[in-house]
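All chains should be modelled from the sequences, with the hints used to inform the complete structure.
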Amino acid sequence: MEHFEAGFRKRHRLRDKLIIVVNGKGGVGKDTVCALTARLFYAKTISSITPVKEIAVQCGWRGEKDTKSRRFLADLKQLLIAYNDFPNQYLTREVQAFQADPGADILFVHIREADQIEEFLRLIHGKAVTLLIRSSRPGLSPAVYGNSADDDVERYHYDYIFDNDCGQAVLFQAVERFMTALLRQEQLLD
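Numbering of the sequence shown is given in this note's numbering, commencing with residue 78 and proceeding in unit increments.
Treat the hints with care, since some could be wrong.
[Unchecked claim] Here are the simulated BS3-like cross-link-like pairs (lysine-lysine), alpha carbons at most 30 Å apart as the crow flies:
| no. | residue 1 | residue 2 |
| --- | --- | --- |
| 1 | K204 | K130 |
| 2 | K94 | K130 |
| 3 | K204 | K87 |
| 4 | K94 | K121 |
| 5 | K130 | K142 |
| 6 | K204 | K94 |
| 7 | K142 | K87 |
| 8 | K142 | K121 |
| 9 | K145 | K130 |
[Unchecked claim] For each label pair, taking beta carbons as the anchor points, the in silico distance ranges come out as:
| no. | residue 1 | residue 2 | range |
| --- | --- | --- | --- |
| 10 | Q166 | D108 | 21 to 31 Å |
| 11 | N161 | A258 | 31 to 41 Å |
| 12 | K130 | L200 | 13 to 23 Å |
| 13 | I132 | D93 | 30 to 40 Å |
| 14 | R90 | R139 | 37 to 47 Å |
| 15 | D143 | Q264 | 34 to 44 Å |
| 16 | D178 | G137 | 29 to 39 Å |
| 17 | A258 | R139 | 35 to 45 Å |
| 18 | K145 | Q262 | 23 to 33 Å |
In short, the hints are calculated from the structure, not lab data. Virtual Cβ for every residue (Gly too), placed ideally from N, Cα, C.
What follows is the structure in structure tokens.
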């Protein structure tokens, strides 16, 4: 019933726009936290891996999330960054579209690699906060994936950390409390 009710709450507008770089290991609930936030505020989500996945499909990748596929995507992304910084070119275009969109207040930007987070923040002149989502729930993905994109997510110093250790029944309220506090801290919400 909570998730049903959550869809009918009035969304709040912010005083200004906010970009949130979000990160976390596989299975910790990054997409869920972003989706629940979008029920409360005018938020949209993009990912630095999106253009990489589009190229990977042309190479035969079929959307698998196994260790081999994760390593392939991470390696392909590093090649594209080294060649012409293609993932950040994509993110920069998406940020420009977000800035021009009067219907969006929050932009979640999924980025895994610490050096790419730093480069992205440099490109947008640091107008963002960083958020790590983590969880110690049993049954999550392996602790080690064999690629730095997944294995090194906690080696960055994030502005905010959300511990997603609660069950589905109370997750919406936990996200609501956390995001409200974050937005008040950033002076974007009364």
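- Go through the numbered hints given earlier and state which of them the structure violates, listing their numbers in rising order. Result: hints 7, 18 break, sorted rising.
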